[in-house]
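Protein sequence lines, in the order shown, are assigned to chains A and C.
As numbered in the numbering used here, the first sequence has no gaps in its residue numbers, which increase by one up to the final residue, 230.
As numbered in the numbering used here, the second sequence has no gaps in its residue numbers, which increase by one up to the final residue, 1123.
Think of the hints as simulated: they come from the structure by calculation, not from any bench.
The beta carbon of each residue, even a glycine, is placed where N, CA and C say it ideally should be.
Heads up, some of the hints might be wrong.
[Unchecked claim] Interface residues of chain A toward chain C, partial, derived using beta-carbon atoms under 10 Å:
{"no.": "1", "residue": "VAL61"}
{"no.": "2", "residue": "HIS64"}
{"no.": "3", "residue": "ILE81"}
{"no.": "4", "residue": "ASP86"}
{"no.": "5", "residue": "TRP91"}
{"no.": "6", "residue": "ASP95"}
{"no.": "7", "residue": "LEU96"}
{"no.": "8", "residue": "LYS100"}
{"no.": "9", "residue": "THR101"}
{"no.": "10", "residue": "GLU104"}
{"no.": "11", "residue": "ILE106"}
{"no.": "12", "residue": "ASP107"}
{"no.": "13", "residue": "SER108"}
{"no.": "14", "residue": "LYS112"}
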Amino acid sequence: MLKNTINGLDKILFDEIPKGSVILVTGAEGTLKSGLVFSMMTNYIAANDEHGLYVTLEQNVESHLRNMNSLGIKEEGGLHIFDYRDMRLEWMDSDLDLIKTTEEVIDSYKEKYDNLTLFALDSLNALYSISENGNMRNKIYNFFSHLRDEDLTSFLIMESAQSRISGQFSQFHQIEHFLADGTIELGMIEGKGGVKRYIQILKMRATKHAMEKHQLTVNDNGINILGPIY
Amino acid sequence: MKTSVENVADLCESSEDNCKKFIDRIIKTNREVFMMSSLLDKQMCGYDLIKEIFSRCDVFLSQGAVYPVLYTLEGEGLLHAEYSKGDMRSKKYSLTLSGRKVAEKDVEDFAKALEQVSLLLKR
Chain A
1 MLKNTINGLD
11 KILFDEIPKG
21 SVILVTGAEG
31 TLKSGLVFSM
41 MTNYIAANDE
51 HGLYVTLEQN
61 VESHLRNMNS
71 LGIKEEGGLH
81 IFDYRDMRLE
91 WMDSDLDLIK
101 TTEEVIDSYK
111 EKYDNLTLFA
121 LDSLNALYSI
131 SENGNMRNKI
141 YNFFSHLRDE
151 DLTSFLIMES
161 AQSRISGQFS
171 QFHQIEHFLA
181 DGTIELGMIE
191 GKGGVKRYIQ
201 ILKMRATKHA
211 MEKHQLTVND
221 NGINILGPIY
Chain C
1001 MKTSVENVAD
1011 LCESSEDNCK
1021 KFIDRIIKTN
1031 REVFMMSSLL
1041 DKQMCGYDLI
1051 KEIFSRCDVF
1061 LSQGAVYPVL
1071 YTLEGEGLLH
1081 AEYSKGDMRS
1091 KKYSLTLSGR
1101 KVAEKDVEDF
1111 AKALEQVSLL
1121 LKR
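Next comes chain A alone, as it looks inside the complex (with noise of 0.2 Å):
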């Protein structure tokens, strides 16, 4: 079960989510978006017999797992990690429709692992920025709709300050989060403490969760969520 993936997630989302759903995971950087993606995703293939795919636009594979390392989130076999490293040093970027692309990256390894469950693109600003804009709404609508059609429970990593500094993006905003059955919200709040980092649960459809902001933190045994911030 996904709620049983990180320490205290239970405190903020009752109920399971529904397999198959499409969750944005938003936040500024440096507020554990891919950190969180990541170890739910390692910690539900550990205590499950399936497998799950994490789509690296904005590292390689070895920065990545470099990254977690230093979170305390280990490597899990059965998620399988894909960057876009070498296509990209091989391929000029005007030969590549990586939001097709990663359409058929999805399927090859659906078509070899048959209990490919979990899906993760890291992150949708890259894939955005790198991608033609060409009828890039009806894109996003045909991808949504893929990985739903995979019956892939899917995190898809936005990072919203940049989103917000640059215009470019933001007509494609609105479409992101009404196509999305869900929303996580990850950031920073300075209160008494200092600065203390949070996650809230915007939106998740047929789930119970909190509306509240819960503090998040990071030890070495990786990520916790603690009680609510007022």
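With chain A's structure known, arrange chain C on it following the hints.
Okay, now just chain C, sitting in the frame of chain A:
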């Protein structure tokens, strides 16, 4: 109004197209065998493999269908990958000892399977 000769020509062309469609489907579905078969001769990067299969079979395997297979085969210990000396732009893949055995056996079995399918259809 077309002459009968023109109609026959159309039929041949359409049969060729149909044949191409089946070959396309067979190669895409069994791309792992074709990729490993190509690597029996020389080491290649993903780009080289796509180009090689296209020039040999006239079938374009997309990047999203080729790179995951390379990474999976590497993870299974059937392929060895290394960046070319002085060229960090392409990661060249070669078959490991166990990969070569698997590739040779798969190529042989695949050819046999195609022969059997062909015989079954001709009955």
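Here is how each hint holds up against the structure:
| no. | hint | in the structure |
| --- | --- | --- |
| 1 | VAL61 | holds (9 Å) |
| 2 | HIS64 | violated (14 Å) |
| 3 | ILE81 | holds (9 Å) |
| 4 | ASP86 | holds (5 Å) |
| 5 | TRP91 | holds (6 Å) |
| 6 | ASP95 | holds (8 Å) |
| 7 | LEU96 | holds (6 Å) |
| 8 | LYS100 | holds (7 Å) |
| 9 | THR101 | holds (4 Å) |
| 10 | GLU104 | holds (3 Å) |
| 11 | ILE106 | holds (8 Å) |
| 12 | ASP107 | holds (7 Å) |
| 13 | SER108 | holds (4 Å) |
| 14 | LYS112 | holds (6 Å) |
Violated hint for the displayed structure: number 2, the only one.
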